[in-house]
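K.L.:
Listed below, chain by chain, are the residues.
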Amino acid sequence: MKEIFEILEQNARATPAQIATMVDKPVKEVQRVIKQAEKEGIILRYKAIINWPKLGREDIWALIEVRVTPQRGVGYDAIAERIYQFPEVYSAYLVSGTYDLAILVRGKNMQEISSFVAEKLAPLERVQSAVTHFLLKRYKENGETFHLPKETNRRLPITP
Amino acid sequence: MPDTKYAATGAPDNAISQKVATLPPSGIRKFFDLLSSIEDVISLGIGEPDFVTPWHIREAGIYSLEKGYTMYTSNAGMPELRQELANYLELHYGVSYHPEHEILITAGSSEGLDLVLRAIINPRDEIIIPDPCYVAYPADIILAGGVPITVPTNEENNFVIRATDIEAGITKRTKGILIGYPANPTGAVMPRKEAHAIAELARKHDLFVISDEIYARLIYGVEHVCFPSLPSMKKRTILISGFSKSHAMTGWRIGYVAADRRFIQALTKIHQYTMLCAPIMTQMATIEALRNGESDVEKMVQEYNTRRRFMVKRLNEIGLSCFEPRGAFFAFPSIRATGMNSEEFAEKLLLEEKVAVVPGVAFGSCGEGFVRCCYATSLPDIEEALKRMDRFVRKTRRAHGRQRH
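Protein sequence lines, in the order shown, are assigned to chains L and F. Residues in the first sequence are numbered consecutively from 3, following our numbering. Residues in the second sequence are numbered consecutively from 18, following our numbering.
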């Protein structure tokens, strides 16, 4: 069962027939498990990982540390929701430590991000402070490594 | 005046020892030269993991260099490593070896095998090996002054050597049996019943069993029978293994021999005069591998398993019938349906479709009619290779069919 999802996580385009062979289960069963998982929100979506800079699209990313005042009854959830609903917010986390919310924001340029912070985020009533860190370089994201030369096979082609 | 004695040939006729001069070169080598001249080949001919050594193990190696661990260790290997290894063998196979007296750390299991053969063989002693088997077995036996006696195995018994066939090969010169299961090149695993029969035979004829268990951790849905764990076999068995396959550490050159102390003493004698010790940074990395590498092994095994099922199914679909290999990372399909011998098949497949496989005959005459396909390569590459093989097989079958009519 777990194996099916691990294969899909690696390659969302693996067909039920291929997966069935790899996990040694009938195709019908694999199809059923996948359908069920889609329905139950175990598989949220199938998507491609695009290396946008290769297409010339250079987005600007910023990691923003936000300190907020929690709210009686709902804690951090209500204010977090206020924030993560903005389409500029790519990821949002509640974290322990010296600040409360860590959010990752994407914009077309610096201007877009600074106006998001200045006009949308900072003025929110429960936001005490926001510290913006612009990302300079991406090394690894969602388990994928960037900026590496294409993996060449370093093994000898024939070994005993 | 210059010495003109060697002028004609550069070396006298007796420059190379007869034993070495007459030793046939590995059948793999010839193929390698051909392969190097072709570009964009998908190779299923590799006998090592496609994973890089897990980072925490590499990091331990780097740390040892940073801290200046660049010296010899004791001949037997670092005490901490031998202790970890003793724990590991106990945990996985329930065999207990004394870390001080019964374990020797070697530079790869290949060194271990060489040491064992040199330590036990008297001139013309016979060692029984399965055919087909790993290319080094017969060669190392010959180099140690012994005589390899091959016992045929075949598809009908899933390429597992049978006690009855071994018995037929026993003479008064037989010193021991050298087996390696899970097997390179076939992927065969020895069932417990057969292992018991071989153990029985070893006791009856007072033989040693040299058990090369380098692929022990790469098994799929069956048990690995660790030979020394069989009743009263510990003192008769010399266990050879290492971490190249289980922890993807081929280039580090680290292995071990575990056996009764009289063997280890003898092996250590040769080891101290030849290798001295395994590299210290490798030993330190291996300590890390043993302490924290279990989840890596499991992950790799799971990955190999999915590829294995895929490859075996596809091979059977395209008409290269293949028994189910339950260990190592090789499939050993029959190519008889194509009407070619294994060398012809491998060469044509390489030239026409740019896929490299190893001819079965490189591993012994019983390997004729088969090729070794390694699935320690990425799934997309395996898929593409099998697509090309499918095309190749259909083409050759048509030609073969025409020839016969």
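These are calculated hints, taken from the structure and not from any lab test. Predicted model, so just to flag it, every value in this text is computed and none were measured. Hints may be right or wrong, so weigh each one.
To be verified - Keeping only pairs whose Cα atoms sit at most 25 Å apart, straight-line, the calculated DMTMM-like set for lysine to aspartate or glutamate is:
hint, chain 1, residue 1, chain 2, residue 2
1, L, K30, F, E341
2, F, K330, L, E31
3, L, K27, F, E76
4, L, K27, F, E400
5, L, K30, F, E76
6, L, K30, F, E240
7, L, K27, F, E315
8, L, K4, F, D67
9, L, K27, F, E401
10, L, K27, F, E240
11, L, K142, F, E76
12, F, K316, L, E146
13, F, K404, L, D79
14, F, K316, L, E127
15, L, K27, F, D398
16, L, K4, F, E76
17, F, K316, L, E31
18, L, K27, F, E334
19, F, K330, L, D26
20, F, K330, L, E8
21, L, K4, F, E315
22, F, K47, F, E364
23, L, K142, F, E172
24, L, K4, F, D407
25, F, K316, L, D61
26, F, K330, L, E5
27, L, K49, F, E240
28, L, K49, F, E76
29, F, K330, L, E60
30, L, K142, F, D67
31, L, K27, F, E364
32, L, K139, F, E76
To be verified - Cβ pair distances, simulated, as ranges:
hint, chain 1, residue 1, chain 2, residue 2, range
33, L, M112, F, D57, 41 to 47 Å
34, F, A38, L, N13, 48 to 54 Å
35, L, A120, F, N104, 58 to 64 Å
36, L, R128, F, D57, 57 to 63 Å
37, L, R47, F, E311, 55 to 61 Å
Stated by the list, open to error - These stretches of chain F come out as covered by chain L in the derived footprint (C-beta under 8 Å, 3 or more residues):
hint, stretch
38, 141-155
39, 350-361
Yeah, the Cβ is synthetic: ideal placement off N, Cα and C, and Gly gets one too.
K.L.:
Going back to the hint list, which numbers does this structure go against?
P.N.:
3, 5, 6, 13, 14, 16, 23, 24, 25, 27, 28, 29, 31, 37 and 39
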